[in-house]
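Participant: Please take these sequences and the hints and turn them into a complete structure.
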Amino acid sequence: MKYSYYPGCTLRTKAKKLDDYARASAKALGFELEEIENWQCCGGVYPLSSDEIGSKLSSVRALNEAKEKNQELVTLCSACYHVVKRVNDDMRNVEDIRTRANNYMKLDEPYLGETNVLHFLEVLRDRIGFDELKKKVTNPLTGRKIGAYYGCLLLRPGKILGFDNPENPTIIEDFIRAIGSEPVVYPYRNECCGGYISLKAKDLAKTMCDNIMDSASGFGAEMLITACPLCQYNLTKNSKATIPVYYFTELLAEALGVKEEVDA
Amino acid sequence: MEHSKKNQAEMVKEISGSNPLRCMKCGKCSASCPAFEKMDIKPHQFVSYVINENIEELAKCESLWYCLSCFACVERCPRDVKPGKLVDAARQIAVRQKGGAYLVPDEIPEIVDEDLPQQLLVSAFRKFRR
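Protein sequences, first through last, are from chains Y and P.
Under numbering that gives the first Met the number 0, the first sequence has 238 at position 239, and the numbering climbs by one with no breaks.
Under numbering that gives the first Met the number 0, the second sequence has 89 at position 90, and the numbering climbs by one with no breaks.
There's no promise every hint is true.
[What the hints assert, rightly or not] Here are some, though not all, of the chain Y residues that point toward chain P, as calculated from beta-carbon distances under 8 angstroms:
#	residue
1	Ala14
2	Trp38
3	Gln39
4	Leu47
5	Ser49
6	Gly53
7	Leu56
8	Gly161
9	Leu203
10	Lys236
11	Ala240
Note that these hints are calculated values from the structure, not bench results.
For each residue, glycine too, the CB sits at the ideal point set by N, CA and C.
Facilitator: Next comes the structure, spelled out in structure tokens:
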């Protein structure tokens, strides 16, 4: 199976490992991530105002390229997933945005939201299946108590993203079980980490991250996993916690026995 | 003046796609907000300011720079008022004004650190300036 793949700005640089482990894992699982040519940064945050069109176009370009290849579009970074999927919803359902974006794009055939956007975790759940993943695990990570950190970008708004139940998600816990570990469910797993606020109001980000880390370690988590480079940064750099925060793809690669070849 | 006050309130409603009159003042938005402590105008009060067409005050309040659009308030609002989208619309009014940027590139070298992901900078620039 071949998917169009949108890595995004941070996976080329600070979060290169998130990308490397995902590609190696995909290969081990028998699917291919075909990177979109000339993709542009999604902007990190979805432009909420209905009169902002220009800042939505990089997503439309990526979506349209996947459409032309007749492939589903896979993202890995939570922010890219959030932005691209919300723009796709606009292109499907908001006539004014759809018309104006297509006026800019001047495509041979207008883009009407045809592409299906998937997060890498959704590929594991809905295309491969966690039962199937479990069978392909050669190195089960037995005995690890892992907390899933969802944050905000993957879950909300639930009606548009449709990723999982926004208040009581299970996808990452199911992933943790599939790689042989034990999920630790804690209350703050879908609270915001502070995102970009750590640039201008570090104290606020620290309070938010401490709440999350205290909640996770208080419930017995020995490590957290996330899909978002910004969450990983905030939880690691802006909290007093001592438990590590990994990208979920790192543990996936380890369970599939391909981590060492990536690290080499 | 009255005219322009009305226009600004209409603009906030239009670009946010929110109807503040649906609010029943249950306070769930403020109870859900992770930045509540820092906000001078709380999320539920924000809705009232828009109803009262007092956008001028909103466009200079501190809350604009603490709201993270994490959408906890939007998800949990039982009346679909979307307080987080109202905050973002007021922020747009602020940053679209001349000199309205909350972040300028010259600040970056001072506050950046070596682990900081690119995602953080692009997000901050999207939110804090035009």
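Participant: It remains to establish, for every hint, whether it holds in the given structure.
Facilitator: Now the hints, each set against the structure:
no.: 1; hint: Ala14; result: 6 angstroms, holds
no.: 2; hint: Trp38; result: 14 angstroms, violated
no.: 3; hint: Gln39; result: 11 angstroms, violated
no.: 4; hint: Leu47; result: 4 angstroms, holds
no.: 5; hint: Ser49; result: 5 angstroms, holds
no.: 6; hint: Gly53; result: 11 angstroms, violated
no.: 7; hint: Leu56; result: 14 angstroms, violated
no.: 8; hint: Gly161; result: 13 angstroms, violated
no.: 9; hint: Leu203; result: 5 angstroms, holds
no.: 10; hint: Lys236; result: 6 angstroms, holds
no.: 11; hint: Ala240; result: 16 angstroms, violated
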